[in-house]
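J.: Kindly produce the complete structure, drawing on both the sequences and the hints.
Residue numbers for the sequence shown follow numbering that gives the first Met the number 0, beginning at 0 and rising by one.
Be aware that one or more of the hints could be misleading.
[Said to hold, decoys possible] Each computed PhoX-like pair below joins lysine-lysine, with the alpha-carbon atoms no more than 25 Å apart: (1) K237 - K198; (2) K326 - K341; (3) K73 - K143.
[To be verified] Simulated restraints on C-beta separations: (4) D343 - A74: 27 to 37 Å; (5) E93 - V163: 40 to 50 Å; (6) P180 - R44: 28 to 38 Å; (7) K143 - V163: 32 to 42 Å; (8) I167 - G65: 39 to 49 Å; (9) N144 - D294: 51 to 61 Å; (10) P157 - A74: 34 to 44 Å; (11) E250 - K73: 52 to 62 Å; (12) L9 - R332: 36 to 46 Å; (13) L348 - P126: 30 to 40 Å.
Simulated from the structure, these hints should not be mistaken for laboratory data. By construction, the Cβ of each residue, glycine as well, lies at the ideal position given by its N, Cα and C atoms.
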Amino acid sequence: MTLTLKRSSLVAQVADAIRSEILANAWQEWIPSERDLSATLHVSRNTCRNAMQILRRELLIEPVVGRGIRINRKAIRKLSAARPLHSVGLIIPEVMSRLRPQHALLIDELRDELFDLGVRLELHNSPVYYHANPGHALEKLVEKNRHDCWLLLLSREPLQRWFVDRGIPCIVSGSVYAGIPLPCVDQDYRATCRHAAGKLIALGHRRLVFFNRRSRAAGDLESEAGFIEGVHSFSQGKARARTVYHNDTRENVVQLVQQLYSASAPPTGLLVANSYCYLSVVSALARLGYRIPNDVSIISRDDDSFLAYVDPEPTRYALNPGSLIRKFMFLLRPILEGGTVKLDPVRVLPRFVDGASCRAI
Numbered sequence: 000m001t002l003t004l005k006r007s008s009l010v011a012q013v014a015d016a017i018r019s020e021i022l023a024n025a026w027q028e029w030i031p032s033e034r035d036l037s038a039t040l041h042v043s044r045n046t047c048r049n050a051m052q053i054l055r056r057e058l059l060i061e062p063v064v065g066r067g068i069r070i071n072r073k074a075i076r077k078l079s080a081a082r083p084l085h086s087v088g089l090i091i092p093e094v095m096s097r098l099r100p101q102h103a104l105l106i107d108e109l110r111d112e113l114f115d116l117g118v119r120l121e122l123h124n125s126p127v128y129y130h131a132n133p134g135h136a137l138e139k140l141v142e143k144n145r146h147d148c149w150l151l152l153l154s155r156e157p158l159q160r161w162f163v164d165r166g167i168p169c170i171v172s173g174s175v176y177a178g179i180p181l182p183c184v185d186q187d188y189r190a191t192c193r194h195a196a197g198k199l200i201a202l203g204h205r206r207l208v209f210f211n212r213r214s215r216a217a218g219d220l221e222s223e224a225g226f227i228e229g230v231h232s233f234s235q236g237k238a239r240a241r242t243v244y245h246n247d248t249r250e251n252v253v254q255l256v257q258q259l260y261s262a263s264a265p266p267t268g269l270l271v272a273n274s275y276c277y278l279s280v281v282s283a284l285a286r287l288g289y290r291i292p293n294d295v296s297i298i299s300r301d302d303d304s305f306l307a308y309v310d311p312e313p314t315r316y317a318l319n320p321g322s323l324i325r326k327f328m329f330l331l332r333p334i335l336e337g338g339t340v341k342l343d344p345v346r347v348l349p350r351f352v353d354g355a356s357c358r359a360i
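T.: Encoded structure:
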C-alpha cells in the first residue's frame, strides 16, 4: 500500500495512506472494510475509523448503510486536479511505524522539505522490493506510480542495480555497492569506524572486536574496511582485532557475547553496529558480570534517541538528520528541475559523542 505523509499523527498517516490508494485508483467503487485496512496498515481499528472520518469530511468517501463505504468520484476529480505537479517516491522495506526512530525522523523532515516546494512524497513499503529478485515487483510498482525521482532507503544491491539497468532517476539514501553508478547520501561509515578503532587503541585497548551486521549492506562493508584501516594505522601491529557478524536479533548477539567472553583472553574494546544491538551487548555483558566501562569499553557506531537514556551514556556517533536532508535536496533539486545529478557519493561526517562507556586501561 502507498503511504503519503503530510502530517505527523498516526491517524493522519493512515488517512493519507487510504487517500493515496483512492487517488491511484486502487479500488473502483468501494474501499476495503475497517478490519482489512487496519490489518494491512498494522494499526488499531479505532485509529482506522478516525482516519476514515477525515476522508468523510473531505467528501472523498461516503458510507452506505448495509453495503460499506463508497468512493466519491466527483470529489476525487477535484482533488486530483489540485495535486502537485511533482512527486517523489520513497521505497522502504516496511511501514514507517516499524522503522528505526532515526529513519522515521529522516522521512518526516524530508517530507516537510518537499512539501514546502509543492512536491508530493509517497512512501511505497514492501519487503518484496528487498528480495534477491525484486524485478517483477518493481516493474509493477514503477508502472503504476510515476514519479520525478525515486529514493531508496535501506536498499540492497539487487534493488540498486535494477534502477541502474532501467535508467530511472534515483537517489540512494545510504551507501551504494561497488560498481553501482547511483548518486547517494550517507554517513561516512568508513571514517566513523576508523576513528572508533583509533579511539579504543588510544585508550590502551589491544583486543578489539567489531560487532558488524551479517546482512552486509554497503554501509556495513564500508564500516568494516574503516575499522580494519584504523586498527592497522593506530596500533602499528600491536592490536588484535576481529569482526563477528550478528543478524540484528537479541538472541544471536547474546550468543556471540557468550562465545567471545568464554575465551581465555576476551576483548576489552568493542564497536557495535546497530544501536538496538548495543543494548543487547551491554545486557549480555552485565549478566556475565562484566562492568562498563570498568571491564569493557564499548562504542556504538549508530545513534538513536533512546541511547541518551542509557546509563552509562554510550559513546557513539550522532548524525543530524538536517545535514542529510540538505545533501538530499542538493541532489534532488536538479532532477526536479529536469536536469541531471553528479554520481559522486556524498558523505556526511557524524558528531562524536564522548559518552561514559569507554575508559583507558
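J.: At the C-beta level, are P157 and A74 separated by a distance inside 34 to 44 Å?
T.: About 40 Å separates the Cβ atoms of P157 and A74, which means 34 to 44 Å holds.
J.: Determine whether the Cβ-Cβ distance between E250 and K73 falls within the hinted range of 52 to 62 Å.
T.: Holds, at about 55 Å.
J.: Taking only the CA atoms, is the gap from K237 to K198 under or equal to 25 Å?
T.: Roughly 15 Å separates the two Cα atoms, so the pair holds.
J.: Look at the Cβ atoms of L348 and P126 and judge whether their distance stays inside 30 to 40 Å.
T.: 31 Å, holds
J.: Do the Cβ positions of K143 and V163 conform to the proposed distance bound of 32 to 42 Å?
T.: 21 Å, violated
J.: A range of 28 to 38 Å was offered for this pair. Does it hold for the Cβ distance of P180 and R44?
T.: 46 Å, violated
J.: Does the Cβ pair I167, G65 satisfy 39 to 49 Å?
T.: With a Cβ separation near 45 Å, I167 and G65 satisfy 39 to 49 Å, so the hint holds.
J.: Please verify whether K326 and K341 have alpha carbons no more than 25 Å apart.
T.: Distance of about 12 Å is within 25 Å: holds.
J.: Look at the Cβ atoms of N144 and D294 and judge whether their distance stays inside 51 to 61 Å.
T.: This hint holds: roughly 53 Å between Cβ atoms.
J.: Between the alpha carbons of K73 and K143, is the straight-line distance 25 Å or under?
T.: OK: K73 and K143 at ~22 Å, within 25 Å.
J.: Could you check the hint for me, namely that L9 and R332 are 36 to 46 Å apart, CB to CB?
T.: 31 Å, violated
J.: Could you see if the CB distance from E93 to V163 stays within 40 to 50 Å?
T.: Violated, at about 24 Å.
The structure is inconsistent with the numbered hints 4, 5, 6, 7 and 12, although it conforms to all the rest.
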